[in-house]
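Trainee: Residue strings, one per chain:
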Amino acid sequence: MTVSLTIENLSAHYGTTQVLKDLSLSVAAGELVSLLGSSGCGKTTTLRIVAGFLQPTTGTVRLGDRDLTTLPAHARDIGLVFQNYALFPHLSVLDNVAFGLKQRDIGKPERVRRAIAMLERVGLAPLSDRLPSALSGGQKQRVALARALVIEPPLLMFDEPLSNLDAKLRIDMRVEIRQLQRANGTTSLYVTHDQEEAFSISDRVAIMNAGRILQLDTPEVLYRRPANAFVARFVGFENLIRMKVTGREGAMITAEAAGGTRLHLSQDVFGPIKDEFVLAARADGLSVRRDGEGIPATLGTRTYLGRAYQYKCETAAGEITANGALSDPLETGTRAVLTPVAEQCCILDPED
Amino acid sequence: MPTRVHPVLGAFAALVFLFLLAPLVIIVGASLSDTTFLTFPPQGLTLRWFSNIFHVEAFRRTAITSLQVAFLGTALSLLIGIPAAYALNRYRVELPRWLSTLFVLPILVPEIVFGFSLLKSITIGLGLPVYPSLILGHALLVLPYSVRVVGASLASFDFSVEEAARSLGCPPVKTFMTVVLPNIRAGVIAAFILAFITSINDVSVSVFLTGPGISTLPIQILAHMEQFFDPTIASVSVLLMLVTVGVMAVVEATLGLTFLTK
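Chains as they are written, first to last, in the UniProt record's numbering: chain A, 1 to 352; chain B, 1 to 262.
Rather than coming from a laboratory, the hints here were simulated on the basis of the structure. Glycine included, each C-beta is placed from N, C-alpha and C at the ideal position. Keep in mind that a hint or two might mislead.
[As the list claims (entries may be wrong)] Only part of the chain A face toward chain B is listed, based on derived beta-carbon distances under 7 Å:
1) F53
2) T70
3) H74
Using the sequences and the hints, build the whole thing.
Mentor: Next comes the structure, spelled out in structure tokens:
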């Protein structure tokens, strides 16, 4: 029973502050979509509206062909996993997991059987008699996951479920969440501020800022081809250089940045380039060399990244972060050039 | 290794304990005195003043009134106080700050003023009979304890647990009864005991609300002392003290247990 989640034209206010601005989003049946953004971007507000804990000012939330917008939270049939686990402190692990089944008036033997089966899937059946206070963080989150899954909800939602766990456990848990979600084919909405987590776990990611979705795409597209400057910065394009085309010759263009810096770029690599554009480059996307074609730069502070050296560079177009080869460490003050590496760069519209 | 205590600090602490305990020792002593007047140290030992309590009809009657008023008043205060404390904590951000102060007013206002205003508003204003106005007055008197003590329990309650219950299909009122209430049980018991003890020991509010034929034990004790000044007063006081100590011991035991399982 997999259904899609459709959110249309959602806006929400806290007092007079508008926190969601005409947000639309659809999650296909069985898909896992993440809402990714820094705190205050509206991702948690969106989740709380879908859960039924907040009322939107306008807009609708539909799950399959059911309109949830005005349904109370307890009638929505959504599995929720919270950041702080939110286990019932007075109930045993087993009773925590069986709670949702009890609300559905499922008889005791059946509910115990199903709860135990779900606990076995998350590897916690031996701890079913314990109280939540006797569990570790990772165990608590597994119980929370089991509790949300056992009711076989058509929609699962995760509100920063891993941010209270340590780094190693976080990685294990996200693999586990992904496996369970895939196995059940449950449509899922996942809220996080951690880019790596969102990219590793999701079919698609919505990058949010100031109550809007700026780009909704697969992690691969987001990582390689951000649609605008905000998303580019968010996914690690540290350098955004405004440029103007000064000459075109077949697929090749010549472009100039502030201070007279000149570059030759191929439209075969970057796609069609407008007369004014922004060259977005990761630090890896500008390679620091002693000479050749590129942006002239004076090297500043050098830091060691393990796979490369990173330099803060002074250029006529402003400060740029770029990486150079380990085989050739350069001293502060060296004159060098920064050469774009096509796969780590992209072209953006200046208006965005 | 035992911690060394400075002799001056030790002496000071001893004095504090002496001043705290001396009146209790004197009362217990006086209640056992084989004289017809209150005296300390006791002259001769007897339990007759204790048995006298049960022969004085007024003591028995007022004790029953006191227990009833304390029980019903406390129950009423919890009925108002638990939802109030819940709302004050759940909607802390949305509600104005002065609202929580409002519920402590009965403690802030001098008791005698509070009692008088209750007389003006409940007994005279509403024209309620003595017994219901006693219960209502005591409920208001002990409301601050209900709100504050239950509130303290709710302050450490994680409200996302409540949201978890709702997302699992549990309606709001049922969520309150099956998820919130069991987790603040210790606070509710503590509030009940504090409120009950405050009510049963109260004089200044009761003195305004009692009327013909209906009185409470503390007021009866005062009346008895004015008329007789015999050791019965001391023995009633000792009994009242024992009841308080007993109740506190029960709380200590039960709360101790619930805190362990929390």
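Trainee: Does each hint hold? Answer for all of them.
Mentor: How the hints compare with the structure:
1. F53: This hint holds: F53(A) lies near chain B, its Cβ roughly 6 Å from the closest one there, short of 7 Å.
2. T70: Not OK, violated: T70(A) not within 7 Å of chain B, min 15 Å.
3. H74: It holds, given that the least Cβ distance between H74(A) and chain B is near 5 Å, below 7 Å.
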